[in-house]
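The primary structure of each chain is shown beneath.
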Amino acid sequence: MAINLLIVDDSSVMRSMIVKALRMSGIDLGAIHQASNGKEGLDRLDEHGVDLAIVDIAMPVMNGEEMIDCMRSRPDTNQIPVIVISTEGSEARIERLKEKGAWFIHKPFTPERIRDVINEFVGRQNV
Amino acid sequence: MNLLEGRMSERLNEILYRVAEEILESLAFLFPVLDEERKKISNVFVWGASISFGGPFSGRLVILASETILPDLVKNMLGLDAGEEVSLDQQHDALMELLSIVCGNLLPAIAGKKAMFNLDVPKILFPEEYDALMQKQDSVSQVILELENGQTDFILFIEEDNLSLNSLPLV
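Each protein sequence line maps, in turn, to chains H and B. Once you know that position 71 of the first sequence is 71 in my numbering, the rest is easy, because the numbers rise by one and skip nothing. Once you know that position 130 of the second sequence is 1130 in my numbering, the rest is easy, because the numbers rise by one and skip nothing.
Careful, some of the hints might be misleading.
With a straight-line cut-off of 16 Å between C-alpha atoms, the simulated EDC-like cross-links for lysine to aspartate or glutamate are [said to hold, decoys possible]:
1. H:Lys-20 to H:Glu-112
2. B:Lys-1075 to B:Glu-1159
3. B:Lys-1113 to H:Glu-91
4. H:Lys-98 to H:Asp-69
5. H:Lys-100 to H:Glu-47
6. B:Lys-1123 to B:Asp-1089
7. H:Lys-20 to H:Asp-116
8. B:Lys-1114 to H:Glu-66
9. B:Lys-1075 to B:Glu-1025
10. H:Lys-39 to H:Glu-66
11. H:Lys-39 to H:Asp-69
12. B:Lys-1136 to B:Glu-1159
13. H:Lys-20 to B:Asp-1081
14. B:Lys-1114 to H:Glu-95
15. B:Lys-1113 to H:Asp-116
The hints are simulated quantities; they were obtained by calculation from the structure and are not laboratory data. All figures in this text were calculated on a predicted structure; none of them were measured in a lab.
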């Protein structure tokens, strides 16, 4: 079954890189929605149902961690899986994100790393 | 600068060079060569970007890059063909993203993975802003890299309150 995605990153080049890596991964992709900050990301979630959100951390207006907190506080979005793709290097903050149910991919990433994490997500969905 | 600070500065330069080299290669397939002989990049035909950070120490990282390398940076990041056009907005976006990724990887390389930093959103730095910054504050580290189609400099500034290099928690 195709996966509908939301990609939230303030860099349009990075969003395009992520889309390209996803297309190279061989994963069955449905609609890919995009936003350039956490607030826009929440707006997209109001408009579209998605199976997975891919979120950066350092963004203007609303950062990725604030967006995840909002998602987790809303009944319509609190079950949406989140993958954080970020340069974050602090073990404590990465652990905090994982406690909020997010997977973590470090920038720079390889297409293989994205494929592996999404395959793990798809595998869990199919269990 | 005393001898110990001189060694710390050398160590910072080594870390900055290693991180910048790794990111340029893995993110954009650009293979830099350290060029200690070359003078600092001139403001002509150069784009710059800056990112501020706070945490165990505060400061900013600046990148200056020849405008000739920016189209290649975008094309390599996106896997575009050599003949494809890229916009100036894409070039600025790619420069800021490159800087953000270098900074995000540099700080834990300096201070360790237990240190927690907050990175601001990067911004494009215009020549007059760079000149003002250089007059206002001395950099603690600078690496000058040569690329096939141009040059790039990475310059690290640390706030004066944290300026004693000997106090930096180098890992």
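Exercise. Against the earlier hints, flag every one the structure doesn't satisfy and list their numbers going up.
Key: Hint check: 2, 5, 8, 15 fail, others pass.
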